[in-house]
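**Q** Each chain, letter by letter, is given below.
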Amino acid sequence: MSRPEREIARRLSETPVYAPPAGLLARLQAEIPSGLQAAEAEPFRGPTRRRPARWLAAAAVAFTVAGAGWLVWRVQAPPLLPETRVRPASAPADPAPVGGAEPQEPEVEAPVSAPPAARKPTPASPRQEPPPVQAEPAPGGVVGGAAAPPPPPEPAPQAAYEAAPLAEAAELPEKVEREAKSLESRELRRQDSAAAAPEPARAKAAALRRCPLVLVLSLPAAREAEAWLELDPASVARWRREGTEGWTDAALSAPAPLGDLPAARRVELRYELELLPDAPPDRSPGRLRWRYSPRGGGAAVEGSRALSCTT
Amino acid sequence: MAETDDRQLLAAYVAGDQSAAELLVERTYRNVHALLCRLSGDPDVAADLTQETYRRAWAALASFDRRAQFSTWLFRIAYTTFLNHLRRPRRFVPLEARHEAELDAAPSAEEALRQAMAADRLRRAVLALPEDLRFTVTAVYWGELPTSEVARQEGITGVAVRKRLKRALGRLAQALGGEGA
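In order, the protein sequences belong to chains S and V.
Here the first sequence is numbered in numbering that gives the first Met the number 0, starting from 0 and rising by one per residue.
Here the second sequence is numbered in numbering that gives the first Met the number 0, starting from 0 and rising by one per residue.
These are calculated hints, taken from the structure and not from any lab test.
Predicted model, so just to flag it, every value in this text is computed and none were measured.
Check before you lean on any hint, since a few could be wrong.
[As the list claims (entries may be wrong)] The following residues of chain S were derived to be distant from chain V, with all beta-carbon distances above 10 angstroms:
{"id": "1", "residue": "P15"}
{"id": "2", "residue": "Y17"}
{"id": "3", "residue": "P20"}
{"id": "4", "residue": "P32"}
{"id": "5", "residue": "A61"}
{"id": "6", "residue": "W69"}
{"id": "7", "residue": "Q75"}
{"id": "8", "residue": "P219"}
{"id": "9", "residue": "E223"}
{"id": "10", "residue": "P232"}
{"id": "11", "residue": "E244"}
{"id": "12", "residue": "D281"}
{"id": "13", "residue": "S283"}
{"id": "14", "residue": "R290"}
{"id": "15", "residue": "R294"}
[To be verified] The calculated label-pair distances, taken between Cβ atoms and stated as ranges, are:
{"id": "16", "chain 1": "S", "residue 1": "E13", "chain 2": "V", "residue 2": "R26", "range": "44 to 50 angstroms"}
{"id": "17", "chain 1": "V", "residue 1": "A10", "chain 2": "S", "residue 2": "A67", "range": "38 to 44 angstroms"}
{"id": "18", "chain 1": "V", "residue 1": "D64", "chain 2": "S", "residue 2": "G22", "range": "30 to 36 angstroms"}
{"id": "19", "chain 1": "V", "residue 1": "R86", "chain 2": "S", "residue 2": "V16", "range": "26 to 32 angstroms"}
{"id": "20", "chain 1": "V", "residue 1": "L126", "chain 2": "S", "residue 2": "R9", "range": "24 to 30 angstroms"}
{"id": "21", "chain 1": "S", "residue 1": "G68", "chain 2": "V", "residue 2": "E130", "range": "15 to 21 angstroms"}
{"id": "22", "chain 1": "S", "residue 1": "M0", "chain 2": "V", "residue 2": "D43", "range": "56 to 62 angstroms"}
{"id": "23", "chain 1": "V", "residue 1": "A59", "chain 2": "S", "residue 2": "P20", "range": "22 to 28 angstroms"}
{"id": "24", "chain 1": "V", "residue 1": "N83", "chain 2": "S", "residue 2": "G66", "range": "34 to 40 angstroms"}
{"id": "25", "chain 1": "V", "residue 1": "A127", "chain 2": "S", "residue 2": "A67", "range": "44 to 50 angstroms"}
{"id": "26", "chain 1": "S", "residue 1": "R9", "chain 2": "V", "residue 2": "L85", "range": "22 to 28 angstroms"}
{"id": "27", "chain 1": "V", "residue 1": "L82", "chain 2": "S", "residue 2": "Y17", "range": "16 to 22 angstroms"}
{"id": "28", "chain 1": "S", "residue 1": "A59", "chain 2": "V", "residue 2": "R26", "range": "45 to 51 angstroms"}
All C-beta atoms, glycine included, are put in the ideal place defined by N, C-alpha and C.
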């Protein structure tokens, strides 16, 4: 009880003196009917029993029967709507098929300007498992980081991403610009498909965190250079390659060899990852690894760098 | 004990003892008058209504089945009598005029006037409550009936009576604004 209510109760309980006017008692007593008016009353009755409401009992029984029937029907009947399945977030963990994996979801979206070579199925490299995030500038100028593109504003729920390996980008230097232009239209289409996606898929997709990734490799003159991404399946749900620039070797294959590189060759990779909702934010989604032999001779050099989202 | 006495007096009156009824009136009429004073806010009106209450009580004594206490039964009659009085067309005496007279009469008239107006606002707020809440509040606070008696009268449980009281107090506090605090 609140304070105002207590105060009201106190005021209600106050017993001011209301003295009856003089003569009131006499008037009241004078008006008492004489005799046995009350005695002629009907005999006193005992307490009446309260009968239980029959309609209430009947309604309870009817509800119980109807509810049980509905439950049995609901359990036995097939679901009203086909269940929409969301592809499990296993893309990074699986070896990525080179040239673009066939999407398993209804809303499959093929890369707009992917080179024909990239569409050919190529054996995936065991090293090229899941693609990661952003590489920071390597010490000594071996690996450099680049500015990240702004992240897409909204998640793409069910859009299937092409699992393209690093090796498929032989012709990309000329097509990077085209890809960049196509990204915008692709994003629009993803948003449309996201809007049309069923509720569970949208909810799941909305829970994923976007992680744009820009990798810049700046290697010295090298022979048999290779680079690849290792994604952490515990952090990355899906990934896709958005574009590459600076690949000179047209024979890039699944293991993502860079081939022989002239001096100060700069290679840029753009990826986009979707991190699992429960992935710890401070955990790197993967590593960028590279290996090359110096052109002047000597032992092979290997390096790696933890990836971090550009944003 | 008092209840037993009331029943005995009633039985004696039914048996023909007129003095038993006089004693019964003498024992109960102050409470009835005080209740009607609180309800009506006017001692003169309360006196008239008290007389009417007892008239109706004697007339309806045959229907009193003694499941309730006599005082409870009498309270119900007084309450109904007051409600009927409210519904009757009557000449209105502005409350302020009476208060002005009191202001001139007493040295601490200003304080008395303030208290009288506060009591009148409380009375009006109680009368503005829905019927179930109004009856419960007046029965418990002004009729000084036990909760169990009110529950029996209304055909509800004691918990329901307390819930009604809580709701009524909340509404009164809301209606009176900061006055209650």
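**Q** Find the hints from earlier in the document that the structure breaks and name them by number, from lowest to highest.
**A** Violated: hints 1, 2, 3, 4, 16, 17, 20, 21, 22, 24.
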